[in-house]
Amino acid sequence: MSKSIRQRIAEEMTGAALPFVAFCIALNLTAGQITAALKIPLYLDSIGTILVAVLIGPWSAVICGSAANLLAAALGNPSMIFFIPVVAVIGAFTGFLARLGWFRKWYLVALGGLLQGILAAAASAPISAYLFSGVMMAGTDFLVLYFRSVGNTLLNSVLYQGLTSDPADKLVSYLIVFFLTRNLPQRLVSRLRGASNLRTPGRPS
Amino acid sequence: MSARQNLSPKLAFVVLLWVCAFTLPWTIQAFLCVLLIIGRFAIPALRPGSPRSARAFSRFILYSIAVATLVSILNAALIREGAIVANIFGISLHQGGLLFGARTASRLLLLSFSILLFFVSTPLPDFIQYLQEKGLPPYLALMLLLTLHFLDQLPIRIHQIFLAQQARGAPVDSGMLARTKALFSILSPLVLSSIVESIERGTALELRGFLHKPQPVKHGGSHMDWLTLLVLSLAIVILSYSIVQWLIG
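These protein sequences, in sequence, are chains A and B. Adding 480 to a residue's 1-based position in the first sequence gives its number in the working numbering. Adding 6 to a residue's 1-based position in the second sequence gives its number in the working numbering.
Think of the hints as simulated: they come from the structure by calculation, not from any bench. Some hints could be false.
Residues from chain A that keep clear of chain B, each with C-beta distances beyond 12 Å, as calculated [unchecked claim]: (1) L594; (2) P606; (3) Y626; (4) L643; (5) P647.
Simulated pairs of lysine-lysine, DSS-like, Cα-Cα distance not exceeding 27 Å [stated by the list, open to error]: (6) B:K187 - A:K519; (7) A:K585 - B:K187; (8) A:K483 - B:K187.
Note that the coordinates shown come from a computational prediction; the quantities given were computed from them, not determined experimentally. Every residue gets a Cβ at the ideal spot worked out from N, C-alpha and C, and that includes glycine.
One chain only, chain B, in its complex shape:
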């Protein structure tokens, strides 16, 4: 069993990348995106927790790079500012639009990569436990863990109800209005069964005294490790520098 990671430096790193996404030039942001992709393979703390999350991250990288390219080209074609930099199939690409697209795309990629890399390399139960250590009430931690249970169960239930309604002759393949009506025939049993299950689970929680006895809230304390402090300090320095730059014009 792997030891649980200290998530504070990782979260501080995400904050630093967010600051970079809003303050630094787009070329540096694009470079940071490349570094993050390399870091996903090279830095042990950023490695995906499972083959499934590794595949999801790889798919997201390909998808987002395709979207970023499309965004840049569409902006260059539709926003007619600045000189014409290229002409593809009779469509003129303008410098102003292209730069706007590149800036937008690099910021979007950096924000997305930073958040996604955090989550693919951190098992969700570990993250929830970390939040609880930092003061999240135990009932909210339980709620998040129950959500993970429902997330596993719901697609199966939806599929079962869909097939059952289809077998009963519900108009799941007819016109738009009929399909919208069929939505109720799927949602109604789903919500009804969830309320029944919630009442049962709520009764069990009450019987065990979970909801009434005072819950011990563990606080992680106010101290930070040196790495978290270093990363947050760097974020503050970059933010302060860009604010000063903006103020002096």
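Bound-form chain A, shown alone:
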């Protein structure tokens, strides 16, 4: 008999997973501080979700992203609450790729990051266009306005804006997670449920 979503989430949220997911939610919300301190023009606001998807599993990643957006809304960015479906897609897709073993080779990670960026842009465009008419109170709004002013529809303008920023951001986020997980001590990673996502089958850890 197939398991319910609640059972699957409960299965993933065991041992160290629960505090680690909590840390990654906080990392999603504070990653901006690191990039701001280093003056790097990236969001990296889903780096915690990607880490959870790789090191724990897809259901925990969906929870991680959703909770991060809920808390972001509570902490002063209210529109984030409407983008919970987008972060759910990011978590589920990354978890799926990790289970397929894509996080064992850098070029597969790069390809996955680009695909994720396109998927995230496609998933967020209808929400941004139909709920907010493309206005997100951010610098990227100017790009949407530019695409509109040259004759594109609102949905297309939002989609083009997403495609100009999301693939690069997700590509960098994926590569950062890849190199981070490679440099972590195996004895620690092996305590987490998703450790097998990083090992080639048959090879000793």
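Following the hints, position chain B against chain A.
Relative to the frame of chain A, chain B by itself:
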């Protein structure tokens, strides 16, 4: 110590405002935004929980009004539909673009104000406890509470690691590529220490039997108080009316 609020009517009120944001004309939405700002001072249930959240809400109001004005003007300048309503420094503002900007801005403000007002007037631990009473599994409630702990700790840790790496000579102020490399020197110890801490906390939770024993899930029951019912009914009436209006053209 203040008594915990019943959050159901407040959440129903947020839902009502969301319905208004997508169904009512922009002039009414703008009026509702003004009412919300007045309500933040006048209605006890909507008063910010702390001076910090009051300041955050005031800052957000100023910021969002500035953005809304900018959005309206930029749309009026760039979307050349309808008659020219004004000419500022040689830039023509068009009626179609201005109306689109005003509609967008009023909807965005109403959505943002409704969510933010809920959260600034509701302490997060109260909200998490409310969710648990409504059926959120205890381990997810614990996860959210742990997140609040990490949210307090992470900026301090990030700052400490940043200073330590800077002292070691990490290129935190060099070119873009060097700074991106320095990102790893900050993230690696941060993630590593979090995994160590997670394993310790996870072991403690397991030893206390938190993760294995069946957790009693408290359900708030299906009954609703009259205020929640009234507000939700109003939302349904407005939604139904606008759907009928849309269907008959």
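Now for the hints, and whether the structure bears them out:
1. The claim that L594 (chain A) is not at the interface with chain B holds, since no C-beta of that chain comes within 12 Å of its own (minimum 18 Å).
2. Every CB of chain B lies more than 12 Å from the CB of P606 (chain A), the least distance being 14 Å, so the non-interface label holds.
3. The non-interface label for Y626 (chain A) is inconsistent with chain B: the shortest C-beta to C-beta separation is roughly 8 Å, within 12 Å.
4. Look at L643 (chain A): its CB is around 20 Å from the nearest CB on chain B, clear of 12 Å, so calling it non-interface holds up.
5. With a closest Cβ-Cβ approach of about 17 Å to chain B, P647 (chain A) is found to remain outside the 12 Å limit, as its non-interface label requires.
6. Restraint check: the Cα-Cα separation between K187 (chain B) and K519 (chain A) comes to about 12 Å, which is no more than 27 Å; the hinted pair holds.
7. Between K585 (chain A) and K187 (chain B) the alpha-carbon distance is near 20 Å, which keeps this suggested pair within the 27 Å criterion.
8. Of the supplied pair hints, the one linking K483 (chain A) and K187 (chain B) is violated, its CA atoms being roughly 42 Å apart against a limit of 27 Å.
Of the numbered hints given earlier, the model fails hints 3 and 8; all others are met.
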